[in-house]
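Heads up: the protein sequence lines correspond to chains D and G, in order. Going by our numbering, the first residue of the first sequence is number 1, and it counts up by one from there. Going by our numbering, the first residue of the second sequence is number 1, and it counts up by one from there.
Since the hints were derived computationally from the structure, they do not count as laboratory data. Heads up, the beta-carbon is just placed ideally off N, CA and C, and yes, glycines get one too. A few of these clues could be false.
Said to hold, decoys possible - Just some of the chain D residues that point at chain G, by a computed CB distance under 8 Å:
1. Leu-6
2. Thr-7
3. Arg-13
4. Gly-182
5. Val-319
6. Ser-322
7. Arg-323
8. Asp-325
Said to hold, decoys possible - If you only want the chain G side, here are some residues facing chain D, beta carbon under 10 Å, derived:
9. Leu-96
10. Tyr-112
11. Gly-116
12. Ser-149
13. Arg-151
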Amino acid sequence: MNLLKLTLVNVLRYKKRSFLSVLAIASSVAVFFSIISLSKGFDREIAGERERTGVDFVVAPSSCPHELASLLFYGAVPVSFLDESLAVEIRKTKGLAFAASMIVINVPSDKKEDKILIYGYQMPLLERLKPGWRIKGEIPVGYDAIAANNVLVGADFAEKYGYKIGDVIQLPKAEKSLPISGIVERTYTKDDAFIFAPLAVAQEIALRVSGKEVAGVEDITCSPRDKITPDPISAVAVKVDDPAMITEITSELGKKIPGIQIVTVSQATDSISHLVASVNALGLSVAIIAFVVAAAGVMNSILLTTFELTSELGMMRAVGASRPDIFSLVLLRALMLAGVGGVAGVVLALSGASAIEWIMRKIFTFMPGPHLIAFDPATALLCIAVSIALGACAGLFPAWMASRVNPIEAIRNE
Amino acid sequence: MEVFKGESDRGDKLLSNGPIARLRGVQKVYRRGSEEIHALKDIDFELNEGDFVSVIGPSGSGKTTLLNMIGCLDKPSAGVVLIDGIEVNTMQENELARIRREKIGFVFQQFYLIPGLSVKENVSLPLLFSRKRADNQHLKSILEAVGLSNRSMHKPNQLSGGEMQRVAIARALVNNPRLILADEPTGNLDIKNQERIFNLLKALNRQGLTIILVTHDPKAAEESGTSFAMTDGVLTRIQSVADYFCGMRV
């Protein structure tokens, strides 16, 4: 027999009460663990995303930074286009490894009301733009591939519509048929849901489906929003030779070409990170409130139990328990509830990780990586430690009350 | 079966010099608003090794207060309490807890067994507070002495009232106390179990254990070695319990 067993017996005597206390703690710990894990997972995945993105900055029409970040990582369709001649201007800048034109368009498909997103890339540069991609089939490079309108598709897109290599995607509104020459293996990013066409193919589709007037030559660097440039592009993705020169090069480009906005990959990820950090801060506030409520619940439960067990505590004092013994006994009960609640909270969060991620991905247009909430021993230990500290705070007052029980009063015959 | 070892943990031998408990001029005064209640009035009392003393008296006469005083649960308003020659009325709470652990065993009218613990675990509870390991042989001999060796793994809800009180007595014995304070230990039991518990206490006394029994049972008081009557806080030795109860009826 030891103090731990005696505490466990007392916890189990009031099963429902103990269960509710553990549940309250577990819920708050689950929220806390999820927020911390999401934050860590997001930082980890966004760093990976930076690695996987083979560009240093993007030049696009003036827009809000988050829209450009989405363009880079998610596939949002910009409201206005640039002309491809802009890319020629950019390529004249010294110190560039490459400047790849790209276009993003939203096209109605033949699959009822579904709209599909098409990325137009300069396919010879694809391996440099997307260094992490693994492709089954062939990249549509060369005149024949462009003439045949060959495209790549993401793994999710292929799976959703049951496409295989060689199948043809019909775009009735654009009057285009796009044979699939390759499938990009799953990247666990939004890329998995897109079509990737050679730039010229995507530009032709953009002109056919835009319904906008084609801008005059004088409008090409920054077209009005009701016009489309002759060779439309959404952005130019740029890689520099020396990363230390990024600031200097972007500054030079900004001065040279009016009406554009330059967003570095760091700025883009920071923009998304700030948004997620705001949500995390809100989530942490909720977790703190949940912790306070849980602590109050534990304190109430232990106080109630202490009052109910006053006679037994009196007996223990009579048979030799000192005040510190009684204090420890009651405090240990709070710590046990909090400890079990902490572990249960971590398990709960991990069990519900898929659901939490699903909700987060619904809320945010861009969420990187496949597994944001992963088991991290340090985070789990932190959460359990916070939970136990909470239990200690909640148990101090009841433990002090219990240690002050007058044994004579407690064991007075009724 | 010899249960009572007659030796405290600190090695104090049984039949040491002087009484186990000695009260000199002990008074206990409670205040209820402006009213003063004299629960104990100038008590002089000595309890020697191997005594079996009963204290009788009406409810509220001060019997339990006397027991609490000897059991180091309460402190006198005036006078001196010595347990095993040590003055305890000036001791701090933790020192008193140590005296209770090492020298005194309590048996209450309510059994105060912990429901989730087995008989054996309930008996070994005081060892937890003395930071001592339960010696299985010792526990076995105690349970044999109280007639519960075959019930050691049972939970309290599987026991009768008499059995529960025997567990409580075993619990009082586990630290090898020099003195057992029994406060109406048969108050919640039927006649058969009352007799059994009393016989158990007598058997323990025969082995050398000192016992104070607070009781309303004239037969139990009669059979104890020495009887005292408590009336309005005054403790008086009585020669005949029968005469005392006759006097009360008059």
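Here is how each hint holds up against the structure:
1. Leu-6: 7 Å, holds
2. Thr-7: Violated. Min distance 11 Å.
3. Arg-13: Holds, because the Cβ-Cβ distance from Arg-13 of chain D to chain G comes to roughly 6 Å (cut-off 8 Å).
4. Gly-182: 67 Å, violated
5. Val-319: 4 Å, holds
6. Ser-322: 4 Å, holds
7. Arg-323: Holds: closest Cβ of chain G sits about 6 Å from Arg-323 of chain D, inside 8 Å.
8. Asp-325: 5 Å, holds
9. Leu-96: 9 Å, holds
10. Tyr-112: With Cβ-Cβ at 4 Å, under 10 Å, it holds.
11. Gly-116: 3 Å, holds
12. Ser-149: 18 Å, violated
13. Arg-151: 17 Å, violated
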